[in-house]
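J.: The residues making up each chain are set out below.
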Amino acid sequence: MKYTTNEIKTIIMEKKIKNRFKLNVMLPAIIIYIVFAISIAVWSFSIGIYVLGITLIILSVFVFYAYLRTKHFGSLISTVYLAIFGSFCISIHPYIEIGKRLHMPKISAILFVLTLVLLIWLLYLNFTKKLKWRGHEVLELAAQNINDIFNNHTERPLPTGNVEFSKEQLYNFSDFFEKNLLGLTYKENNRIVFMPLKYKNEYFALYNPNYDYKEKTWVSISNNGNVSVNISKQDYLDYKEDLAFEQLCNSLSDVIIKFIELHVSGREIRIIDKMDNLKIGIFS
Amino acid sequence: MEMDFKRAKILSNYISRDYSEDLFKLLISYNDISASEAASRLNKHVRPIQEFFEAMVVYGIVEKKEVYEK
Numbered sequence: 001m002k003y004t005t006n007e008i009k010t011i012i013m014e015k016k017i018k019n020r021f022k023l024n025v026m027l028p029a030i031i032i033y034i035v036f037a038i039s040i041a042v043w044s045f046s047i048g049i050y051v052l053g054i055t056l057i058i059l060s061v062f063v064f065y066a067y068l069r070t071k072h073f074g075s076l077i078s079t080v081y082l083a084i085f086g087s088f089c090i091s092i093h094p095y096i097e098i099g100k101r102l103h104m105p106k107i108s109a110i111l112f113v114l115t116l117v118l119l120i121w122l123l124y125l126n127f128t129k130k131l132k133w134r135g136h137e138v139l140e141l142a143a144q145n146i147n148d149i150f151n152n153h154t155e156r157p158l159p160t161g162n163v164e165f166s167k168e169q170l171y172n173f174s175d176f177f178e179k180n181l182l183g184l185t186y187k188e189n190n191r192i193v194f195m196p197l198k199y200k201n202e203y204f205a206l207y208n209p210n211y212d213y214k215e216k217t218w219v220s221i222s223n224n225g226n227v228s229v230n231i232s233k234q235d236y237l238d239y240k241e242d243l244a245f246e247q248l249c250n251s252l253s254d255v256i257i258k259f260i261e262l263h264v265s266g267r268e269i270r271i272i273d274k275m276d277n278l279k280i281g282i283f284s
Numbered sequence: 001m002e003m004d005f006k007r008a009k010i011l012s013n014y015i016s017r018d019y020s021e022d023l024f025k026l027l028i029s030y031n032d033i034s035a036s037e038a039a040s041r042l043n044k045h046v047r048p049i050q051e052f053f054e055a056m057v058v059y060g061i062v063e064k065k066e067v068y069e070k
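Chains as they are written, first to last, in my numbering: chain F, 1 to 284; chain L, 1 to 70.
Same shape as in the complex, but just chain F (with noise of 0.2 Å):
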């Protein structure tokens, strides 16, 4: 005879991180509609729909990059609906005149309606935490079963013991782990780099050539199986307390070992059940 339980999940698994909404989730379109405004203070509307429809464009191609480095396909439909938004600017900006009703040409009619289709497609994505970076997820879940207490944080990587997985399943892994958006991974030559990305770090880690992820928080797999990790001091402080610094690692090891695990065995989907169990805000 066994016990098992779904009702006492949430209250029992209390959150280790600080739960902060973090505004640079929003950074992009706060400058788009900085931009937007002003241009609207400056010229004219019509100029400003224009403006935006630029603005759009060229973040799609931001975007489009994140897409590039991830494949994850959230990013390709952002890049299409930021595309196509902006399209749809472009085409109505010189219709646009304040007090006359709109004549919208057929072809902006077209953009405007796929607009609306891709935003509820995103938002849909959204609530299902399908465009969530999942870096703070996979830090929970690493010090879930830590109680104790006590600040000996080292800047150093911590070798955490060995693992037999074939270069294949980590590369399958590797891209597994970014199409999720669990995080970005770095192919070195004699190892491979897994680091889980949060909200607060993704613009630089994306964006930023001389990003310096060797000073983050990372578990990495050399070519003969030994597992070293790696939390930086700023990830480490936003646990709510000092956590057992050897067992945080050890932990955080063991959850990205039991991913690749479930991965090896085409369970992925207990990785986002896993991730998805500890119901952590959409811009957290």
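These aren't lab readings, by the way, just hints derived from the structure by calculation. There may be inaccurate statements among the hints.
Said to hold, decoys possible - Computed beta-carbon distance windows for the label pairs:
1) F:Q169 <-> L:Y30: 24 to 30 Å
2) L:E63 <-> F:Q247: 30 to 36 Å
3) L:R41 <-> F:K71: 37 to 43 Å
4) F:I269 <-> L:E54: 29 to 35 Å
By construction, the Cβ of each residue, glycine as well, lies at the ideal position given by its N, Cα and C atoms.
Based on the hints, put chain L in the right spot on chain F.
T.: Okay, now just chain L, sitting in the frame of chain F:
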């Protein structure tokens, strides 16, 4: 979950036991666990652990499933 005061009192009596949180954590970590395994992990006697689980089953917090040897 609706319940009268008497039932809430009994439930709170179980929940307030010093090992209740550890038991729930074990349940979550292992997805399913037998009373004897949970008791051995917490270094407790199996009877109070089984009694605790059975009470949680009555309140609909925990589900019980038969396990057959393969």
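J.: Honestly, do R41 of chain L and K71 of chain F meet the 37 to 43 Å range at C-beta?
T.: holds (42 Å)
J.: Taking 29 to 35 Å as the stated bounds, is the beta-carbon spacing between I269 of chain F and E54 of chain L within them?
T.: Because 32 Å falls inside the window, the suggested range holds.
J.: Looking only at beta-carbon atoms, does the pair Q169 of chain F, Y30 of chain L fall within the given range of 24 to 30 Å?
T.: holds (26 Å)
J.: For E63 of chain L and Q247 of chain F, compare the CB-CB distance with the range 30 to 36 Å and indicate the outcome.
T.: holds (31 Å)
The structure meets every hint from the earlier list without exception.
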